[in-house]
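Visitor: Guided by the hints, dock chain U onto chain F, whose structure is given.
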Amino acid sequence: MFYDLNIPYSANDTHLPRTLAFVSELGYNVVALNHSIVGKLPAQITCAIPDPLHLKDLPPKLSIRRRVTLTLTESHQNARLAELAHAYDLLALRPIDERTLQLACSSLDCDIISLDLTQRLPFYFRFKMLSEAVKSGKRFELCYSQGVLGDSAARRNLIGNASQLIRASRGRGLIVSSEAKAAVGCRGPWDAINLAMIWGLPQEWGFEAMSKEPRGVVVTAQLRRTSYRGVIDVVYGGVKPAPVEKELQDAGAGKGKGRQQAANGQKRKAVEDVEGGAEARVEVAEKPISKREAKRRKHQARLSGVDQNGGTTKVKGDSLSTKGDGERRGRRAEGRGLATFGGSRMNDRLVSYRH
Amino acid sequence: MVRIKHRYLLVNILYPDTKSSHLRPASKPGDDVPYTVQFRRPSPDQVNGGLLMRLIRDGVVELFGDYGSGKIAGSLQVKYFSPATSTATIRVSREHYRLVWAALTFTTRLPRPVDQPCVIQVVRVSGTIRKAEEEAIRRAGLSIRRAEAAAKSSNVSGVATASATPLAVAEGDDDVDMFNGIEDRDEPGDVDDDDDG
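As they're listed, the protein sequences go chains F and U.
Using full-length UniProt numbering, read the first sequence as starting at 1 and increasing by one per residue.
Using full-length UniProt numbering, read the second sequence as starting at 1 and increasing by one per residue.
Quick caveat, the hints were computed from the structure, so don't treat them as lab data.
Be a bit skeptical, because a hint or two may be false.
[Said to hold, decoys possible] List time: in silico DSS-like cross-link candidates among lysine-lysine, alpha-carbon distance up to 27 Å: (1) U/LYS152 / F/LYS61; (2) F/LYS212 / F/LYS61; (3) F/LYS56 / U/LYS152; (4) F/LYS56 / F/LYS181; (5) U/LYS131 / U/LYS71.
[Stated by the list, open to error] Pairwise CB distance ranges, derived in the manner of DEER restraints: (6) F/HIS86 / U/ASP115: 41 to 49 Å; (7) U/PRO83 / F/THR73: 19 to 27 Å; (8) U/ALA140 / F/ARG172: 35 to 43 Å; (9) U/ARG3 / F/ARG225: 53 to 61 Å; (10) U/ARG54 / F/GLU83: 52 to 60 Å; (11) F/GLU204 / U/THR18: 31 to 39 Å; (12) F/GLY237 / U/GLU134: 46 to 54 Å; (13) U/TYR67 / F/LYS56: 44 to 52 Å.
[To be verified] Derived list of chain U stretches under chain F, where covered just means 3 residues or more per stretch with a C-beta under 8 Å from a C-beta of chain F: (14) 6-17; (15) 101-113.
The model shown is predicted, which means the values in this text are computed figures rather than measured ones.
The C-beta atom is built at its ideal place from N, Cα and C for all residues, glycine as well.
Only chain F is shown next, with the shape it has when bound in the complex:
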């Protein structure tokens, strides 16, 4: 899966289907359409990109995300940043100077930090600042299209800034994307990786910057928007079961601290919590064998199993049936190990004969 998380979007762009088809042809699987906001946020924040794109001839295998890039000019917008983030799938920030970069790295909550690398930046990147951002899950973006299409000065700045960014971030937490305004600006994923390699990023990390890191960004952003506290998401909530266990709920009502089930995409509620608590209790009732005790029993079971000449050892009672299973599995694995060992020995012998 290759990702290109920056395809500029404008509402009256007639070439967009062509660009998307071209990107798909080059081998990308996921793209993000980017809407840029410069200056003040509008009063009513809505997503500028329609959710099912009303375009014909969309490539069928391409998955499309919506992203917004906000150019950071002054800092008093961050109160509405969360609102902006919720309207889109991805939120990127574009700092213009060192102060806003510091702000974006440390306090502002975003997914991608996208610097304009085609300009000469009047400051150095510092590892401390960048690593702070990377640690909190933000990724830095390298856009190569300006270097491909732009003039020589833009290309020079891009190469200089990109190698600076690679040096300062030590190659970690980068994503490579195109920012191509037309199809001509896009390049194949491996071509982009090679470019990054010329700029100083090792090939494996360049590969990660096209695949693993942007995937992390997309998935984390999605989790942050839909899930319970960014930890648990319900992929399929299933049907709601009929409420049958009334008295059980009453019994477990005291247990507040249980597992956090976010059924049906909602936040934790009292009823689910109660069920979780009851379940946890049942588990506790079955659990009290210590590790040492378990080991001892296992050992005994094995001894008795050896006495009965292998085969099925029915271990005491139902509560230990899982253990018996595990033990049997372990023995089978041992057997297999022996077999492979024998096989390898045989191979050795074969090899030695061949010699």
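Guide: Chain U only, in chain F's frame:
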């Protein structure tokens, strides 16, 4: 004596723009041709190996200056170019193939007599010319199959888009993606049966 090692870059020239497509199927207007066919259309007649050489040399000079140009000058050669599929095989020495690759990536137009926007994609980096050739053949077949599938789905699209498109694409599309790398490893058994350079 130690053999000089080369890399063979298998490249595709893609034409992202609709303009000046000189070879257009006579029966259809241009917009009806599926995108995959438009992008992978045949090159104009003026494009040949010499023009590609010029393009690469100029690109390397522009990006890497005299140093890069001198480094690749001894080994650079266009081994094969097919205008019908817009595919070429380029030979460079193994140490410096990334310079040529970068120059190809930074190309946006074919040079003067053609003067047409293009994107050059490297689809295979191979240690022997045979592997590159096999890959070229495989990809040519694949692009034909894709074009057929696209044509079929666009014909049907008025009736049942949803059912036709994924089926058509699912046929042979998966082996085209080069997710695990597009470079050959050097294998001891590989014999480079080309030693005229």
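Visitor: Please go over all the hints and tell whether each is borne out by the structure.
Guide: Hints, one by one, checked against the model:
1. The suggested pairing of U/LYS152 with F/LYS61 holds, with an alpha-carbon distance near 17 Å, which does not exceed 27 Å.
2. With a CA separation close to 19 Å, the supplied pair F/LYS212 and F/LYS61 stays within the 27 Å bound.
3. For the hint linking F/LYS56 to U/LYS152, the alpha-carbon distance of about 16 Å falls within 27 Å, and the restraint holds.
4. Taken as a hint, the F/LYS56 and F/LYS181 pair is honoured in the structure, with Cα atoms around 20 Å apart against an allowance of 27 Å.
5. Under the criterion of a C-alpha separation no larger than 27 Å, the hint pairing U/LYS131 with U/LYS71 is consistent with the structure, at around 25 Å.
6. As the Cβ distance of F/HIS86 to U/ASP115 is approximately 47 Å, the hint placing it in 41 to 49 Å holds.
7. The beta-carbon spacing between U/PRO83 and F/THR73, approximately 51 Å, falls outside the hinted interval of 19 to 27 Å.
8. Checking the proposed 35 to 43 Å range against U/ALA140 and F/ARG172 shows it holds: the Cβ atoms sit about 40 Å from each other.
9. Roughly 57 Å separates the CB atoms of U/ARG3 and F/ARG225, a value that falls within the hinted 53 to 61 Å.
10. For U/ARG54 and F/GLU83, the Cβ-Cβ distance of about 54 Å falls inside the hinted range of 52 to 60 Å, so the restraint holds.
11. Between F/GLU204 and U/THR18 the beta carbons are some 38 Å apart, a value that agrees with the proposed interval 31 to 39 Å.
12. The hinted window of 46 to 54 Å between F/GLY237 and U/GLU134 holds, with their beta carbons roughly 49 Å apart.
13. Roughly 49 Å separates the CB atoms of U/TYR67 and F/LYS56, a value that falls within the hinted 44 to 52 Å.
14. Given as covered by chain F, the stretch 6-17 of chain U passes the check, having 3 residues with a CB less than 8 Å from a CB of that chain where 3 are the minimum.
15. Evaluation of the coverage hint for the stretch 101-113 of chain U: fulfilled, as 6 residues show C-beta separations to chain F shorter than 8 Å, against a requirement of three.
Violated hint: 7 only; the structure is consistent with all others.
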